[in-house]
Amino acid sequence: MARRPLWSGSLSFGLVNVPVELHGAVRDRQLHFTQLHAETGTPIEVRRWCTKEDAEVDWEEVAHGYRLDDGREVVLSDEELEAAAPRRTRTIDVEQFAPLDQLDPMLLDRPYVLLPAGEADGTLRAYALLHDVMADSGQAAIARFVLRSKEYLAAIRADGPLLALSTMRFHDELRDPAQAGAPSGRASKPSASELRAAIALIESMAADFDPSRWRDRHRARLKRIVERKAAGKTIRPPRPEPEEEATPDLMEALEASIARLEPAGRR
Amino acid sequence: MARSIWNGCVAVGELRVPVKLYGAVHDESVHFREVHATDGAPLEHRRVDPGSGELVPYEQIARGFEVGDGSYVVLDDEEVRSADGPAAKLVDVETFVPADQVDPVYYEKPYHLGPRDGSDDGYRLLHDALARSGRVGIGRIVLRTRERLVALRPLGDGVIGLSTMRFADEVVAPGAFDLPRPSRAPGRREREMAATLVERLSAPFDPAAYADEHRAALLELIERKAAGEAIEPPAAEPAEAPDDLAAALDATLEQLARRRRRRRGEHAGGGARRRARGGHPSRRRSRSRSRSRSRSRRG
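Sequence order for the protein chains is A and B.
For what it's worth, the numbering used here labels the leading residue of the first sequence as 11, then goes sequentially.
For what it's worth, the numbering used here labels the leading residue of the second sequence as 81, then goes sequentially.
Heads up, some of the hints might be wrong.
[To be verified] Some chain A residues judged to face chain B by a derived CB distance under 8 Å, without partners named:
#, residue
1, R37
2, H47
3, E71
4, A108
5, S203
6, G242
7, R246
[To be verified] Derived coverage of chain A by chain B (criterion: at least 3 residues anywhere in the stretch with Cβ under 8 Å from a Cβ of chain B; other residues may be distant):
#, region
8, 23 to 35
9, 88 to 100
10, 179 to 188
11, 195 to 202
12, 264 to 271
Calculated directly from the structure, the hints in this document are not laboratory data.
A virtual CB, placed ideally from N, CA and C, is assigned to each residue, including glycine.
Starting from the given sequences, assemble the full structure and let the hints guide the process.
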């Protein structure tokens, strides 16, 4: 199926350039509502108003304000912002390769797919070559590229027959896990029997990961509500539920869980 | 102290472990607000009925879902609320799957879980059992009324990570893309050279070595403008053409070897990261310059 790429250019490592196209690997399946004017049922438009003149402002008169720490505001036009825009907008520059298992999934942001651009045999061979070498060596490429005038860090890896690209978060955008206040001392260390029981519970609830097993129930509920409403039916509000409380005795809860799950077998 | 965004319990079978949820990432991009170019006054978004040109107050906004051309099913707040997930504050773990079976494409937004109300023992037990079993817990959570799929996995430092997950139908299967194959597979010599090149450019991954240069450039631009400097727009860049594959691989390997010989001659050691950068020498220089600039500003 031919799709329109989000971006095209070349993947470049060293002096090797592979012409590629970037395609989204995820799609938005959420239901989106439109804001309507309740009286007339007309979809409303959002327009910009100047708070000083109390008048509508055209798109061409929109500038970008940034408040400095000292309270002053710096105003930049689109043209001025372009001065900070990255120059090399047509290449994905590989800066290094790294073992795939060193990439913390926490750093991965939005997934895309790279496809060879065009059907030139040289392009297809270069693409296959890079793919195969990365698949064989278990290496991912760390690269920078520019999408919609913003520069991204990206990780590229072999995924099936394709090269998958994921934009990455920057290191300083991750919070320190210490914020969670996880216990570490001897006092909280589980006993051998507790650990055994907890692992047994995990194993009794074990299954292979099958993504298609999991449906978006929120989306399904919303769809159902829209359908019922369209058919003129009434919509019932959800029932309130009781608050959950902590397990007083860990061992007891583990044993009860295993006992309850065992006869049902693996789900 | 970090503020939690949700308090509840992890539920595994009969086990209930009280937890707090914390965001694991924060957006560091430079955000601007819209202002009027002529007088610098902030702009407001107002809702207008395009038919009459009238402003529509918030109370008169209804939520419509489009069903066919221009016709909408209107839902009120109460009705939308009936799609909310279960009200119980639970991370309801339904199954445990081998960690290596979960393709990272399914992970969406990461969070940290922390213990709550003296749940240290249960929290630690869950963490250690997950780490030992090599499994990831898959379950559901309701965040801001929307029910989501989540994965629980042990991170380093004894912390349990929670990540919201994408659903299978939100992920485009690799098979959905047409991948034309070359008329002949890459040759042995090409493979060997490419493998050597990847190996030479490979280095341990250090996320801290990569700064957001676009963010740094924006902040620098803001400073220059604040200091009253004139800002010039950039010149256009030239396009690039693909090269002969074997020749390009050869030339790159040669370039890397030359650089390594030179570096060995200049100063011993400490070049792994710079060597790994590879690429065009001129660009490398400008990049390290901008990196040291952004460091100096922060320091």
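Query raised in the report: Which numbered conditions among the earlier hints are violated in the structure presented, ordered from lowest to highest?
Result: 5, 6
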